[in-house]
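Peer 1: Residue strings, one per chain:
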Amino acid sequence: MSIGQGTESANQARHEYVDEGRTVGFFTDPTVCIGCKACEVACKEWNMVPDDGHAWSGHSYDNSGELGASTWRHVKFLEQDLPGGSQVAGPMTIDPEGEDPFRWLFVSDVCKHCEEAGCLEACPTGSIVRTETGGVFVQDDVCNGCGACVVGCPFGVIDRRAKLVPGGGGAFKCTFCYDRQAVGLTPACAKACPTESIQFGPLDELHERAAIRVRELREDGYDDARLYDARDTSVRGAHAFFLLLGDPEAYGLPPGPEAPTIHLGPAWASALTTAAMAVLVAVVCFVLW
Amino acid sequence: MSAASEGRPGGAGGTGRAGEDRLDALREEARRTGSVAGRGVDVEGGPIPAAADGDAVGYYGQPVVKAPVWTWEVPVYFFVGGMAGMSGVIAAASRFMTGGLDVAVPALWIAALGAATSGLLLISDLGRSSRFLNMLRVFKRRSPMSVGAWTLTGFGGASTVALVLGSVQAHLAASGGGLPALSVLLTIFLLAAGLLGGVLGTYTGVLIGATAIPAWFEHRLLLPAHFGIAGLGSAAALLQILGFGGPPLVAIALAAAGAECLVGLTVELHRHGAADRALRAGGSGALLRLGGLLAGPAALVLWIVHVPIAASAAFLAGALVSRFGWLAAGRASARDPEATFAAQRARTRG
Chain A
1 MSIGQGTESA NQARHEYVDE GRTVGFFTDP TVCIGCKACE VACKEWNMVP
51 DDGHAWSGHS YDNSGELGAS TWRHVKFLEQ DLPGGSQVAG PMTIDPEGED
101 PFRWLFVSDV CKHCEEAGCL EACPTGSIVR TETGGVFVQD DVCNGCGACV
151 VGCPFGVIDR RAKLVPGGGG AFKCTFCYDR QAVGLTPACA KACPTESIQF
201 GPLDELHERA AIRVRELRED GYDDARLYDA RDTSVRGAHA FFLLLGDPEA
251 YGLPPGPEAP TIHLGPAWAS ALTTAAMAVL VAVVCFVLW
Chain B
290 MSAASEGRPG GAGGTGRAGE DRLDALREEA RRTGSVAGRG VDVEGGPIPA
340 AADGDAVGYY GQPVVKAPVW TWEVPVYFFV GGMAGMSGVI AAASRFMTGG
390 LDVAVPALWI AALGAATSGL LLISDLGRSS RFLNMLRVFK RRSPMSVGAW
440 TLTGFGGAST VALVLGSVQA HLAASGGGLP ALSVLLTIFL LAAGLLGGVL
490 GTYTGVLIGA TAIPAWFEHR LLLPAHFGIA GLGSAAALLQ ILGFGGPPLV
540 AIALAAAGAE CLVGLTVELH RHGAADRALR AGGSGALLRL GGLLAGPAAL
590 VLWIVHVPIA ASAAFLAGAL VSRFGWLAAG RASARDPEAT FAAQRARTRG
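So the sequences go chain by chain: A and B. Residues 1 to 289 in the numbering used here are what the first sequence lists, from first letter to last. Residues 290 to 639 in the numbering used here are what the second sequence lists, from first letter to last.
It is possible that some hints are incorrect.
To be verified - In silico SDA-like cross-links for lysine to any residue, where the CA-CA straight-line distance does not exceed 20 Å:
| hint | chain 1 | residue 1 | chain 2 | residue 2 |
| --- | --- | --- | --- | --- |
| 1 | A | K163 | B | R417 |
| 2 | A | K191 | B | D414 |
| 3 | B | K429 | A | D141 |
| 4 | A | K163 | B | I412 |
| 5 | A | K163 | A | L272 |
| 6 | B | K429 | A | V142 |
| 7 | A | K163 | B | D414 |
| 8 | A | K191 | A | E205 |
| 9 | A | K163 | B | F421 |
| 10 | B | K429 | B | G408 |
| 11 | A | K163 | B | G416 |
| 12 | A | K163 | B | W439 |
| 13 | A | K163 | B | A356 |
| 14 | A | K191 | A | L288 |
| 15 | A | K163 | B | L409 |
| 16 | B | K429 | A | D52 |
| 17 | A | K163 | A | D141 |
| 18 | B | K429 | A | E205 |
| 19 | A | K163 | A | D140 |
| 20 | B | K429 | A | A269 |
| 21 | B | K429 | A | D140 |
| 22 | B | K429 | A | D179 |
| 23 | B | K429 | B | W439 |
| 24 | B | K429 | A | S70 |
| 25 | B | K429 | A | K163 |
| 26 | B | K429 | A | V129 |
| 27 | A | K163 | A | E8 |
| 28 | A | K191 | A | Q12 |
| 29 | A | K163 | B | T360 |
| 30 | A | K191 | A | E8 |
| 31 | B | K429 | A | E115 |
| 32 | A | K163 | B | E362 |
| 33 | B | K429 | A | R130 |
| 34 | A | K191 | A | R180 |
| 35 | A | K191 | A | H15 |
| 36 | B | K429 | A | E116 |
| 37 | A | K163 | A | S70 |
Claimed, not checked - Footprint (simulated), chain B over chain A, 3 or more residues, beta carbon under 8 Å:
| hint | segment |
| --- | --- |
| 38 | 109-122 |
| 39 | 158-170 |
Calculated from the structure, these hints are not laboratory results. Every residue, glycine too, gets a C-beta built ideally from N, C-alpha and C.
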């Protein structure tokens, strides 16, 4: 079985992934998400993430808006004029044979923990590091709040907290619950997820289960089921990957995310050429005039 | 949100007694006919809330990437640091090509004071200013911010030492003396200031060019050149305002103003559609065009007609305004999901 493993689920088992140095990940499957936001709440509580404001967005049931310095899990609510219901459990019409032109999708977004992580590469202090299990972790006691990571993230995840908030001035994002992982616990969001829409476990196992899940959904008529894991771009894969129904753009996800490090070569070539040209111009001007 | 109930039937209005009545009516209709007319349960007055702006780009028009958190200190630093770095280049070139110190010493004043000011600006911009020394905790060549912090530190040190040595040397030369050892040391530190200054003047283009911000990374080749040219012209312009307006400095400034015209043309003509529309639209577009006109055509014409002080003022103003323009464009571009989508669609299609 690919979903609904109950007490057999890897989500509920204790593990030693950190000690084993085993690469882990999150697989988030919106087709079984019920939009309960338990992941958002569990993340906030466990990590003591401060208030991120209360405002009614008018965007379906989504009032947290986007991932940020104080929103590390974020459940998105998509309303689409498409058939397929909200859940694979069944269509949303009262008449089971009737036409069902409305699709309501929920997906819990999170830091992707990129293989080639723009934030980690951009960080000048060495505050952002890679953990034993492949997560990208911000050491808050080193971060000086320079903001380089904020524009280095291709997914718009990491952000700097306002100065008056607890931890103010520093950059924050999902820690992959590194503290929980270190003692054999599942990250708070996956632990709290009642439908196992968020699955935590060894990345290779998750990839296998995700491939099976996509095949099942396609066989059931969900032709637009696909995986979103950024493996074929310069990001070189995400430790948090997603099953999507339809286009990534509709989820506010970049369709072709690139690690900004790919721009370093051309940009530095231009910088050094310009520096050399400036020296040349100055030399020529002082020689000729 | 009033738009919620207007945008689509079945908005937020279906609460309270009216909503219950409507649900009863729906149940009755379902019992009687076996189905409910309308779009699934999303019928008029039904319980499913509809998005206020369901037609927005992407996910309710939410940004895909985060806007830069940098405040006014950073564009001012781009301006001051670029000018200081290129002053180091001018100081070294003038000393090594003419053998004199009459331009080198004032240029080193700009370099040393500019480097110190740059440090203060950058510390002030940090979210946690008291931890500024963490910038020198490690060296990461793939982090432009790290390379820049080390370059600024090295440049500040080299230009300050060169300033002291150059001032002493100038005094000794005036009284007919001179120390060979002093001259050798001055050469070493001037060389360091010149080389590091060239990097300091251009790396800021890498800093914002190698990011996830569409309006910036689409111009990753242009930005380091643009910032370097602006820094070189600013250094020559400030020296002229301070009264060191010899022909070499006017020639350098003319070259910079001419090159800034080409930069402006490139931004206007080599467009990337929605990906870099923030360079032309809104407040950021206005700032960039104003800065480009001042540092490009306006300064060029004023130098050609021999009004060097006005030309210098125009160039400095243009260089400063365009740095603010680039930051504003980065913010606008980050907040525009279509900019990110357009850039990536163009990329994936080759």
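Peer 1: Within a Cα-Cα threshold of 20 Å, do K429 of chain B and V142 of chain A meet the stated pairing?
Peer 2: Roughly 15 Å separates the two Cα atoms, so the pair holds.
Peer 1: Hey, K429 of chain B versus K163 of chain A, does the alpha-carbon distance stay inside 20 Å?
Peer 2: Violated. K429 of chain B to K163 of chain A sits at ~27 Å, over the 20 Å cutoff.
Peer 1: Given the hinted pair K191 of chain A and R180 of chain A, is their Cα-Cα distance within 20 Å?
Peer 2: Answer holds: K191 of chain A to R180 of chain A is near 11 Å, not above 20 Å.
Peer 1: Starting from K429 of chain B, check that the Cα of E115 of chain A is at most 20 Å away, please.
Peer 2: holds (18 Å)
Peer 1: Decide if the proposed pair is consistent with the structure: K191 of chain A and E8 of chain A, CA atoms, cutoff 20 Å inclusive.
Peer 2: Holds, at roughly 13 Å.
Peer 1: Check the hint pairing K429 of chain B with E116 of chain A against an upper bound of 20 Å on the C-alpha distance.
Peer 2: Measuring from Cα to Cα gives roughly 15 Å; hence the hint holds.
Peer 1: Given the hint that K429 of chain B pairs with D52 of chain A, test it: the Cα-Cα distance must not exceed 20 Å.
Peer 2: Not satisfied, since the Cα-Cα distance of roughly 33 Å exceeds 20 Å.
Peer 1: Between the alpha carbons of K429 of chain B and D141 of chain A, is the straight-line distance 20 Å or under?
Peer 2: Holds - the C-alpha atoms of D141 of chain A and K429 of chain B are around 19 Å apart, at most 20 Å.
Peer 1: Starting from K429 of chain B, check that the Cα of E205 of chain A is at most 20 Å away, please.
Peer 2: violated (34 Å)
Peer 1: Just to be careful, I want the Cα atoms of K163 of chain A and E362 of chain B compared with a cutoff of 20 Å; is the pair within it?
Peer 2: Satisfied, since the Cα-Cα distance of roughly 16 Å is no more than 20 Å.
Peer 1: Taken at face value, is the distance from the CA of S70 of chain A to the CA of K429 of chain B at most 20 Å?
Peer 2: violated (28 Å)
Peer 1: Take the C-alpha atoms of K163 of chain A and E8 of chain A, compute the straight-line distance between them, and say whether it is at most 20 Å.
Peer 2: violated (44 Å)
Hint violations for this structure: numbers 2, 5, 12, 14, 16, 18, 22, 24, 25 and 27, all remaining hints satisfied.
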